[in-house]
Every structure is written in structure tokens, then in C-alpha cells.
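Student: So the chains spell out like this:
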Amino acid sequence: QVTLKESGPGMLQPSKTLSLTCSFSGFSLSTSGMVVSWIRQPSGKSLEWLAAIDWDGDKYYNPSLKSRLTVSKDTSNTQVFLKITSVDTADTATYYCARNWELDYWGQGVMVTVSS
Amino acid sequence: DVVLTQTPSTLSATIGQSVSISCRSSQSLLDSAGNTYLYWYLQRPGQSPQLLIYLVSNLGSGVPNRFSGSGSGTDFTLKISGVEAEDLGVYYCMQATHAPWTFGGGTKLELK
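Respectively, the protein sequence lines represent chains D and U. Under the working numbering, the first residue of the first sequence is numbered 35, with each subsequent residue one higher. Under the working numbering, the first residue of the second sequence is numbered -8, with each subsequent residue one higher.
Because the hints were derived from the structure by calculation, they are not lab data. Beta carbons are placed, not taken as given, at the ideal position from N, Cα and C, and that holds for glycine. Hints should not be assumed to be uniformly reliable.
[Said to hold, decoys possible] When the alpha-carbon atoms are kept at most 27 Å apart in a straight line, the in silico DSSO-like pairs for lysine-lysine are as follows:
no., chain 1, residue 1, chain 2, residue 2
1, D, 93, D, 107
2, D, 93, D, 117
3, D, 117, D, 79
4, D, 93, U, 103
5, D, 107, D, 39
6, D, 93, D, 39
7, U, 70, D, 79
8, D, 79, D, 100
9, U, 99, D, 117
10, D, 39, U, 99
11, U, 99, U, 70
12, D, 100, D, 117
[What the hints assert, rightly or not] DEER-style ranges, computed between Cβ atoms:
no., chain 1, residue 1, chain 2, residue 2, range
13, U, 103, D, 76, 26 to 32 Å
14, D, 66, U, 101, 26 to 32 Å
15, U, 46, D, 47, 26 to 32 Å
16, D, 123, U, 76, 34 to 40 Å
17, U, 8, D, 112, 18 to 24 Å
18, D, 104, U, 35, 37 to 43 Å
19, U, 77, D, 92, 24 to 30 Å
20, D, 59, U, 18, 36 to 42 Å
[As the list claims (entries may be wrong)] A partial selection of chain U residues facing chain D, derived with a Cβ cut-off under 10 Å:
no., residue
21, 38
22, 40
23, 51
24, 52
25, 55
26, 56
27, 58
28, 62
29, 64
30, 78
31, 80
32, 81
33, 87
34, 91
35, 92
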């Protein structure tokens, strides 16, 4: 059974760095062709793809946010991380991780609020 | 970035009615290898999106066959043949032909 679960700080102040973790089971990121992506959704709005990392460690970023994003994975290939630097209120959203390029399995999402 | 325009933004339907949602792309989604990376998702209230259709017309795992996808190039359609109560929510199209992947603005399906 494939499951993904995001975790994060819930709330943080502007200008800080947001650190998110995607913990998953039922598949391994070491499997050839496997990818995990990060997507976010402000309340009541559409979805925005942020970044992805593949089985070979290659990283992909949305150019609009690339300078602020860092995606990585752990050596056991069961967790993926996303860091967003210099957050502001526009980064308030629910953050999801999802598997494969077609995003066939999603986590439940973690709400992040940026507020002073 | 590729812009995906979904119409209508809201769709009211009765149970059993057939409905269609359009997704129009600002660029062709056909890549040089002949693949079209267009996907459809449903986000039920309070839930994460779930994959319905991949590569324009292929049904996702466990997705009922009342859902179907079609289209090519820049114009794509999701059809529901006989709406059921569990189909209510917001539908999104997504393209993965051109980086960065982008989503449509969503179509909310509600009961009439």
C-alpha cells in the first residue's frame, strides 16, 4: 500500500526558512524512474507544482521559485525534504507531496501559515 | 509557463446527468516523441487531489469507467457519463509536457 505523509512547522514568521518532510511507504525512491514532487495550494485556490526529485537524485524546480527552493532525499530513500527560504505571507498554503510524474498518489497535505 | 484554461469554472448537475469539462492549453502538449502529458484530478472537499486520467485518456487505478478523457494538441475534455454524488468536488487538469508542470484553475462540480 502506497502512502505519503507531509510534516512541517504549522506556522512560521516571515523571512524564515520553511522545512517540510515527506515520509512515504509502499515504494522506494531508489526504484528506477521513481519521482516525488512537491505541490502547494493556497486556501480556495488552484495547485502549484514546486519541485521534484527522482530516483537518481536529479532535481527539478519551478523557475518562478527556484532561487528559494531546495529539494533533497534521505539515504534510505523513504523521505524527501523541501526547504523554502525567505518565506512571506504568499507562501501560506497546504503543501502536498505526490508520487511519480503523473502524481498518482498524494499525501494528506500539511497546512503552513506564514505570519508575524 | 503553459497556461491551462478550464471551462466552466462551476458546473451544476443532477445525479445521473452527463457532463463535460474543457481544458485548453496555451501551447500544444504534444512532445517531440509523440506523447501528450495531460492529466485530470478530482479534489473532493477536504481531501487531497486524486488522479483520474493520465496521458489524456487512460483511466487511473480504481477510477470508475464513467470517467473518460479525450483531446489532442491544445484542447482536452473530461466527461462524466452519469454523475454520482461521490463525484462532487473540484476537477483540475495538469500538463507535464513543458516544464514547469502547471495546473488549470479548476472546475467545481456541484449538485443542482
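Student: So, for every hint listed, does it hold in this structure?
Tutor: Hints and how they fare:
As the CA atoms of residue 93 of chain D and residue 107 of chain D are separated by approximately 10 Å, the hinted pair is consistent with the 27 Å bound. Pair hint residue 93 of chain D plus residue 117 of chain D holds up; C-alpha atoms about 13 Å apart against a cutoff of 27 Å. Distance restraint check for residue 117 of chain D and residue 79 of chain D: the Cα-Cα separation of roughly 22 Å lies within the 27 Å cut-off, and the hinted pair is therefore satisfied. Restraint check for residue 93 of chain D and residue 103 of chain U: the C-alpha separation of about 45 Å exceeds 27 Å, so the hint is violated.
Our distance criterion of 27 Å between C-alpha atoms is met by residue 107 of chain D and residue 39 of chain D, whose separation comes to about 14 Å. A C-alpha spacing of about 20 Å is found between residue 93 of chain D and residue 39 of chain D, which places the hinted pair at or below 27 Å, so the restraint holds. Of the supplied pair hints, the one linking residue 70 of chain U and residue 79 of chain D holds, its CA atoms being roughly 23 Å apart against a limit of 27 Å. A hinted pair counts as satisfied when its Cα atoms are at most 27 Å apart, and residue 79 of chain D with residue 100 of chain D qualifies at roughly 21 Å.
Annotation: proposed proximity of residue 99 of chain U to residue 117 of chain D is violated, straight-line Cα distance about 32 Å (limit 27 Å). A C-alpha spacing of about 26 Å is found between residue 39 of chain D and residue 99 of chain U, which places the hinted pair at or below 27 Å, so the restraint holds. For the hint linking residue 99 of chain U to residue 70 of chain U, the alpha-carbon distance of about 14 Å falls within 27 Å, and the restraint holds. For the suggested pair residue 100 of chain D and residue 117 of chain D, the alpha carbons sit about 11 Å apart, so the restraint of at most 27 Å is met.
The hinted range of 26 to 32 Å is satisfied by residue 103 of chain U and residue 76 of chain D, whose Cβ atoms lie roughly 28 Å apart. A beta carbon spacing of about 42 Å between residue 66 of chain D and residue 101 of chain U contradicts the range 26 to 32 Å that was offered as a hint. Against the hinted window of 26 to 32 Å, the Cβ-Cβ separation of residue 46 of chain U and residue 47 of chain D comes to about 43 Å, which falls outside the hint. Our hint of 34 to 40 Å for residue 123 of chain D and residue 76 of chain U holds, since their Cβ atoms are close to 37 Å apart.
Judged by the Cβ atoms, the range 18 to 24 Å given for residue 8 of chain U and residue 112 of chain D is violated: they are separated by roughly 44 Å. At about 32 Å, the CB distance of residue 104 of chain D to residue 35 of chain U disagrees with the hint of 37 to 43 Å. Taking 24 to 30 Å as the suggested C-beta distance range, the pair residue 77 of chain U and residue 92 of chain D does not conform, at roughly 38 Å. For residue 59 of chain D paired with residue 18 of chain U, a C-beta distance near 37 Å keeps the hint of 36 to 42 Å intact.
Annotation: interface hint on residue 38 of chain U holds; nearest CB of chain D at approximately 8 Å, less than 10 Å. Proximity of residue 40 of chain U to chain D holds as hinted, the smallest CB-CB distance being about 6 Å (cut-off 10 Å). The beta carbon of residue 51 of chain U comes within 7 Å of a beta carbon in chain D, closer than 10 Å, and the hint placing it at the interface holds. The beta carbon of residue 52 of chain U comes within 7 Å of a beta carbon in chain D, closer than 10 Å, and the hint placing it at the interface holds.
Hint on residue 55 of chain U is violated. Least Cβ distance to chain D is approximately 16 Å, over the 10 Å limit. Hint on residue 56 of chain U is violated. Least Cβ distance to chain D is approximately 18 Å, over the 10 Å limit. Nearest Cβ of chain D to the Cβ of residue 58 of chain U: about 15 Å, over the 10 Å cut. The hint is violated. About 17 Å separates the beta-carbon of residue 62 of chain U from the nearest beta-carbon of chain D, more than 10 Å, and the hint is not met.
Taken as an interface hint, residue 64 of chain U does not check out: its beta carbon lies about 20 Å from the nearest beta carbon of chain D, beyond 10 Å. The closest approach between the C-beta of residue 78 of chain U and any C-beta of chain D is roughly 18 Å, which is over the 10 Å cut-off, so the hint fails. Given hint, residue 80 of chain U at the interface with chain D, is violated; its Cβ is 13 Å from that chain's nearest Cβ, farther than 10 Å. Interface restraint check for residue 81 of chain U: the shortest CB-CB distance to chain D comes to about 9 Å, inside 10 Å, so the restraint holds.
At about 6 Å, the closest approach between the beta carbon of residue 87 of chain U and any beta carbon in chain D falls short of 10 Å, and the interface hint on this residue holds. A distance limit of 10 Å between C-beta atoms decides the matter here; for residue 91 of chain U the minimum to chain D is near 4 Å, and the interface restraint holds. Taking 10 Å as the C-beta contact cut-off toward chain D, the hint placing residue 92 of chain U at the interface holds, the least distance being around 4 Å.
Figure legend: structure checked against the earlier numbered hints; hints not met, in rising order: 4, 9, 14, 15, 17, 18, 19, 25, 26, 27, 28, 29, 30 and 31.
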